[in-house]
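**Student:** What follows is the residue order along each chain.
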Amino acid sequence: MSNVVQTTFANMILEALRDVRIAQRVMLETIGGFNRTGWMNVLIVITMASILTIFGSLFLLVEQSKTFVSTLGTNMEMSVYLKDSADINDVQEDLDALPQVASISVVTKQEAWEKMRSSYPDFPEIQNPLPNTIHIQPTSPAEVPALKQGLATVEGIQAVKYPFEVLKKIQAIAKGLSIFGSFFTAFLGLLTLFIISNTLSLLIQARGREIEILRMMGIANWYIRLPFLFQGILYGLLGAFIAYFPVSFVENYSLQAFSFFHLASNTHHLALAMALMIGIGTLVGGSGAIVSMRRYLKI
Amino acid sequence: MMMSQIEFNQVSKRYGAVEALRNVSFLIEPGDFCFLVGASGAGKSTILKLIYREESASEGEVLLDGVNLASLSTRKVPLLRRGMGIIFQDFKLLPRQTAFDNVAYVLRALGMPPAEVRRRVIGALKVVGLLDKVDAVPEELSGGEQQRVGIARAIVNGPRLVIADEPTGNLDPQSSVEIMALLEQINQRGTTILISTHNLAIVEQMHKRVIAIADGQLVADGILNNLPSEATIMANYNLGT
Ligand SMILES: Nc1ncnc2c1ncn2[C@@H]1O[C@H](COP(=O)(O)OP(=O)(O)OP(=O)(O)O)[C@@H](O)[C@H]1O
Ligand SMILES: [Mg+2]
Chain G
1 MSNVVQTTFA NMILEALRDV RIAQRVMLET IGGFNRTGWM NVLIVITMAS ILTIFGSLFL
61 LVEQSKTFVS TLGTNMEMSV YLKDSADIND VQEDLDALPQ VASISVVTKQ EAWEKMRSSY
121 PDFPEIQNPL PNTIHIQPTS PAEVPALKQG LATVEGIQAV KYPFEVLKKI QAIAKGLSIF
181 GSFFTAFLGL LTLFIISNTL SLLIQARGRE IEILRMMGIA NWYIRLPFLF QGILYGLLGA
241 FIAYFPVSFV ENYSLQAFSF FHLASNTHHL ALAMALMIGI GTLVGGSGAI VSMRRYLKI
Chain P
300 MMMSQIEFNQ VSKRYGAVEA LRNVSFLIEP GDFCFLVGAS GAGKSTILKL IYREESASEG
360 EVLLDGVNLA SLSTRKVPLL RRGMGIIFQD FKLLPRQTAF DNVAYVLRAL GMPPAEVRRR
420 VIGALKVVGL LDKVDAVPEE LSGGEQQRVG IARAIVNGPR LVIADEPTGN LDPQSSVEIM
480 ALLEQINQRG TTILISTHNL AIVEQMHKRV IAIADGQLVA DGILNNLPSE ATIMANYNLG
540 T
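From first to last, the protein sequence lines stand for chains G and P. Numbering follows the numbering used here, with no gaps: position 142 of the first sequence is 142. Remember, the numbering used here sits 299 above the position in the second sequence when you count from 1.
Some hints could be false.
Said to hold, decoys possible - List time: in silico DSSO-like cross-link candidates among lysine-lysine, alpha-carbon distance up to 27 angstroms:
#, chain 1, residue 1, chain 2, residue 2
1, G, Lys168, G, Lys66
2, P, Lys375, G, Lys298
3, G, Lys298, P, Lys391
Hints listed in this document are in silico derivations from the structure and should not be mistaken for laboratory results. Here the structure is a predicted model, which is why all the values come from computation and not from measurement.
Isolated chain G (complex conformation) (with noise of 0.2 angstroms):
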């Protein structure tokens, strides 16, 4: 009985063995593919990275912008700035009679001016540029419209920031950069799995008689055809990797652009970018394996 067990645990460590025996001769098998790709390897992973760059920055630039949008969107805060000419306490009259105002809070030159120079301490020293500023908190965002044509009557105001409009424009840029991107990026990508599947047809025709050889010798069709799976998946990976510093690079450098409207930081968009340049990058260079044994790896 003992025996019995003792016995199916060999094997079963044998078999394990023999498993990563044969994993290590297919990745050398795909080494060997890599080897007579030559140049073309160069070329395939620089399109397959850039199209992940392109597809990674897009796809950050557009997840930031509804962030920022669904951060601003719920504060429907509009910003009055005042001429310096303009009596502070006859604006705050005048808004207050208009009926789609709610409630209103004045920062004036001098607090605006502090508040910023608390931020940023090494601010030189120079007049103060600030105007006075009333915010205004609107009944609704319904009543905007009749607000802004109030607004147009009242005396004393230099100009209105009406936080909607901005992300109006925000959300259509978003939208038509994910169009934009969507519809590029399928588009490289077909490219993509073309010159892959065309690099691999080619080695696969070159290689043909050593595969009718590996075939008349017994050799699992399975074992022939995963190099090539793996070449085109490979590229995937690879461009994906390096299309992660690029990617990184834009990560940073638009979170400092939004940081400067003091939102909160969403870092969990680069690992999502990552997983999904990883996952697009391995179904172009596998789709492109593929449709080339398809063509020419029939069984």
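Keeping the supplied structure of chain G fixed, place chain P with the ligands upon it in accordance with the hints.
**Tutor:** Structure of chain P with the ligands alone, referenced to chain G:
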């Protein structure tokens, strides 16, 4: 009842409109040494291809150890081929690999431990007398030597059946005799051997069983002594090159 190792039962094979084999029947028993002779285009290679399932019969049955090859799924074909050794006229060696690596290829692909691979490969190369050319690549070897590597590769997995399609077709008379002697020696260890050949001179010398085909039909089957002489075969059945 003992099963024949190979059984052809009323086998016909058509390639499109070409009828390569018609109603061919024969049995080969374990340990047999058998020649397959016939003119070019007679259907010799087709018979061998049916055995290693490169082709399938259009009609009739091809059985290996009692198993009908028509019932064998495509996935099982590599396993079938690993169970036999196949030798070709053009050797079919992997060009960039040494004699050792050529013989070792299948064993390594099966994940055999390196020490075991080495033991078996050296053993096989010793049988064919090529221990001094272990590290040579095919282009550094003569035709006869390349075919020896082919034979070592065919026997390295210890098959019960070795099939050779014109193994001496590309060799000079001296090497041809040596290769046939080598196959006979392998047969003496119990391996079944089936050889297609044009080389009637060698066939006559060796006094083995001969299956003769002409135009896709079996025309004679027996030890050469019982068969008509070479001249008669040539005259009656349009054999030879
Ligand atoms: N794949 C194929 N497609 C069409 N016809 C084929 C095919 N293979 C063989 N044939 C035909 O079948 C017949 C038998 O061919 P086979 O190769 O079996 O002959 P053979 O006896 O081996 O000849 P050789 O001595 O020249 O090798 C020939 O007429 C050949 O043209
Ligand atoms: Mg032939």
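**Student:** So, for every hint listed, does it hold in this structure?
**Tutor:** How the hints compare with the structure:
1. Lys168/G x Lys66/G: holds (11 angstroms)
2. Lys375/P x Lys298/G: Holds - the C-alpha atoms of Lys298/G and Lys375/P are around 16 angstroms apart, at most 27 angstroms.
3. Lys298/G x Lys391/P: Roughly 20 angstroms between the alpha carbons, so the hint for Lys298/G and Lys391/P holds.
In terms of the numbered hints stated before, the structure departs from none.
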